[in-house]
Structure formats: C-alpha cells, structure tokens
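Visitor: My request is simple: use the sequences and hints to build the entire structure.
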Amino acid sequence: MERKISVSLMCADLLNLESEIKLLEKSGVDYLHMDITDGHLVPNLTFGPDFVTAMHRVSNTPTDTHLMVKDPALILSKLKIRKGDILSVHVELDCNFAAMSKTVRDAGGKFGLAINPETPIEALEPWLAITDVVILMLVRPGFAGGKLIDGILDKVPQTRAYLDARGHANTLISVDGSVSTERARLMAGMGANIFVGGTTAVYRPGQPLEQSMREFRAAISE
Numbered sequence: 001m002e003r004k005i006s007v008s009l010m011c012a013d014l015l016n017l018e019s020e021i022k023l024l025e026k027s028g029v030d031y032l033h034m035d036i037t038d039g040h041l042v043p044n045l046t047f048g049p050d051f052v053t054a055m056h057r058v059s060n061t062p063t064d065t066h067l068m069v070k071d072p073a074l075i076l077s078k079l080k081i082r083k084g085d086i087l088s089v090h091v092e093l094d095c096n097f098a099a100m101s102k103t104v105r106d107a108g109g110k111f112g113l114a115i116n117p118e119t120p121i122e123a124l125e126p127w128l129a130i131t132d133v134v135i136l137m138l139v140r141p142g143f144a145g146g147k148l149i150d151g152i153l154d155k156v157p158q159t160r161a162y163l164d165a166r167g168h169a170n171t172l173i174s175v176d177g178s179v180s181t182e183r184a185r186l187m188a189g190m191g192a193n194i195f196v197g198g199t200t201a202v203y204r205p206g207q208p209l210e211q212s213m214r215e216f217r218a219a220i221s222e
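Mapping of the sequence shown onto UniProt numbering: position 79 corresponds to residue 79, and the numbering continues sequentially without gaps.
Calculated directly from the structure, the hints in this document are not laboratory data.
Glycine included, C-beta positions come from ideal geometry on N, C-alpha and C.
Take these hints with a grain of salt, some might be off.
Said to hold, decoys possible - DEER-style ranges, computed between Cβ atoms:
| # | residue 1 | residue 2 | range |
| --- | --- | --- | --- |
| 1 | E215 | N96 | 36 to 44 Å |
| 2 | N170 | C95 | 21 to 29 Å |
| 3 | D50 | A107 | 17 to 25 Å |
| 4 | P126 | N170 | 15 to 23 Å |
What the hints assert, rightly or not - List of simulated lysine-lysine pairs, DSSO-like, C-alpha gap at most 27 Å:
| # | residue 1 | residue 2 |
| --- | --- | --- |
| 5 | K22 | K78 |
| 6 | K22 | K4 |
| 7 | K147 | K70 |
| 8 | K4 | K80 |
| 9 | K147 | K4 |
| 10 | K83 | K70 |
| 11 | K83 | K26 |
| 12 | K22 | K80 |
| 13 | K4 | K83 |
| 14 | K22 | K83 |
| 15 | K26 | K80 |
| 16 | K102 | K78 |
| 17 | K70 | K80 |
| 18 | K83 | K102 |
| 19 | K4 | K102 |
| 20 | K4 | K26 |
| 21 | K80 | K102 |
| 22 | K70 | K102 |
Guide: Written out as structure tokens, the structure reads:
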C-alpha cells in the first residue's frame with residue numbers, strides 16, 4: 001500500500017496557517033492533520049470544528065482529524081466529512097463507534113481508531129470490521145513535541161501482524177507522535193502506512209519546510 005504523509009497543523013505557524021497550508025500542498029502533503037481537544041480527555045485545547053470548516057474553504061487536501069474529546073459524536077455532528085478525509089476517535093472511550101463509522105464512511109471518508117501507548121492492541125478486536133485506520137500513539141497524546149515512549153515502535157509490527165491475522169490486511173496503520181525522519185524509515189519497513197509529521201520531521205529549526213518534506217518523503221519511500 002502507498003505510504004502517505006500527514007502533517008500536524010498544531011506544529012505549524014499558527015499566525016500564518018493559510019500560507020503554511022499552501023506551502024505544504026506545494027510540497028506534496030497527502031493529509032492535513034488536525035487535533036481537536038476538549039481539555040478533558042487530554043489536558044490541552046487546540047483546534048475546533050469552526051477551524052476545520054475555515055480550512056476547508058482554502059484547501060481541498062484531505063483532512064486527518066484526530067478527536068481527543070470525551071464526546072466525539074458531538075464534535076463529529078459539527079464537522080463536514082469530505083471524500084478521502086480521515087476521522088479518528090479513541091478506542092479507550094465508551095461510545096457508539098459503529099454509528100460514527102457509518103457517518104464517516106457514508107460521506108466517503110475513512111474511520112479511524114486511535115490507541116494510546118499503554119492500551120493493548122486487543123482493545124481493537126470488537127471494532128475491526130468498522131475501522132479503516134488504526135492510529136498508534138507513540139507519545140502521551142495532547143501536546144506537540146511529546147517524548148517517544150520507550151519500546152513503542154515494537155507496537156507497529158505487532159499491530160500489522162494482528163490485523164493481517166484477522167483478515168484485515170487492508171486496514172491502514174497511522175503513526176503519530178515524535179515521528180522523525182529516521183523513525184519513519186524504520187516504521188515504513190514495519191508496516192506503517194501514514195506518518196504524522198510535526199516538530200521532529202517537518203518543522204525542523206533552521207531547515208526549510210520544502211527540504212524537510214523531501215527528506216520525509218524519501219524516508220518513507222525506501
């Protein structure tokens with residue numbers, strides 16, 4: 001399966017986001033990654049549905065929206081899902097994943113389940129048939145620039161094997177958190193498909209974004 005880059009807008013220049021988005025598109029970004037938080041599920045506040053709507057007015061690039069909220073169904077009801085968009089919620093929540101998956105898929109999008117570093121991959125089992133993307137959190141979720149959890153990269157091949165063994169070889173694996181160029185190269189060989197780039201791969205101090213994107217693309221294409 002083709003490997004794709006999803007760039008986290010939480011790590012971008014927030015005062016110049018439209019120009020940043022245009023530069024990312026010129027550099028070949030595949031998805032624009034947005035974290036929506038509520039200050040409760042994770043102790044941070046970032047973007048909201050109104051921002052996603054505004055972004056849709058200036059960009060046709062598919063969005064990769066990660067809901068880190070206690071009531072994802074409420075937020076989903078305020079979002080417009082476009083063909084090719086990804087919408088992910090946390091598997092640790094007690095909510096109606098089937099209904100949300102249907103809403104997203106009926107709109108032409110992909111439904112994703114995000115899984116925290118400490119959560120075993122077996123938590124995905126009841127929902128595999130309605131899941132298009134598994135998002136592996138490599139850091140504690142909620143903030144940009146989080147520290148990589150020791151040994152977490154092993155979860156990538158474990159998840160790939162788990163999905164394949166259960167007849168879900170077409171389910172995509174997205175990796176999110178402290179994804180450097182070198183780690184992306186390693187995880188590409190382990191079975192990851194979508195790579196969320198932020199401060200360690202795309203927005204690197206002293207390096208033009210276009211160069212970072214070229215290096216990132218080359219790393220996941222090897």
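Visitor: Run every hint past the structure and note whether it holds.
Guide: Now for the hints, and whether the structure bears them out:
As the Cβ distance of E215 to N96 is approximately 41 Å, the hint placing it in 36 to 44 Å holds. Range check, N170 to C95: Cβ separation about 25 Å, and the 21 to 29 Å hint holds. At roughly 19 Å, the beta-carbon separation of D50 and A107 lies within the given 17 to 25 Å, and the hint holds. Between P126 and N170 the beta carbons are some 19 Å apart, a value that agrees with the proposed interval 15 to 23 Å.
With a C-alpha separation of about 25 Å, the suggested pairing of K22 with K78 holds against the 27 Å cut-off. This hinted pair checks out: K22 and K4 have alpha carbons roughly 18 Å apart, not beyond 27 Å. Taking the CA atoms of K147 and K70, the gap is near 23 Å; set against the 27 Å cutoff, the hint holds. Distance hint between K4 and K80 is fulfilled; the C-alpha atoms sit about 22 Å from each other, no more than 27 Å.
In summary, the hint linking K147 to K4 is supported, as the alpha carbons are separated by about 23 Å, within the 27 Å threshold. Our distance criterion of 27 Å between C-alpha atoms is met by K83 and K70, whose separation comes to about 25 Å. A threshold of 27 Å between alpha carbons decides the hint, and for K83 with K26 the separation of about 21 Å falls inside it, so the pair holds. Only pairs whose Cα atoms come within 27 Å are accepted, and K22 paired with K80 is accepted, the gap being roughly 21 Å.
For the proposed pair K4 and K83, the alpha carbon gap of about 16 Å is at most 27 Å, so the pair holds. Between K22 and K83 the CA atoms are separated by roughly 20 Å; this keeps the pair inside 27 Å, and the hint holds. For the proposed pair K26 and K80, the alpha carbon gap of about 24 Å is at most 27 Å, so the pair holds. For the suggested pair K102 and K78, the alpha carbons sit about 16 Å apart, so the restraint of at most 27 Å is met.
As the CA atoms of K70 and K80 are separated by approximately 19 Å, the hinted pair is consistent with the 27 Å bound. Of the supplied pair hints, the one linking K83 and K102 holds, its CA atoms being roughly 14 Å apart against a limit of 27 Å. Taken as a hint, the K4 and K102 pair is honoured in the structure, with Cα atoms around 24 Å apart against an allowance of 27 Å. Between K4 and K26, the direct Cα distance comes to roughly 15 Å. Compliance with the 27 Å bound is thereby established for this hinted pair.
Only pairs whose Cα atoms come within 27 Å are accepted, and K80 paired with K102 is accepted, the gap being roughly 14 Å. With a C-alpha separation of about 19 Å, the suggested pairing of K70 with K102 holds against the 27 Å cut-off.
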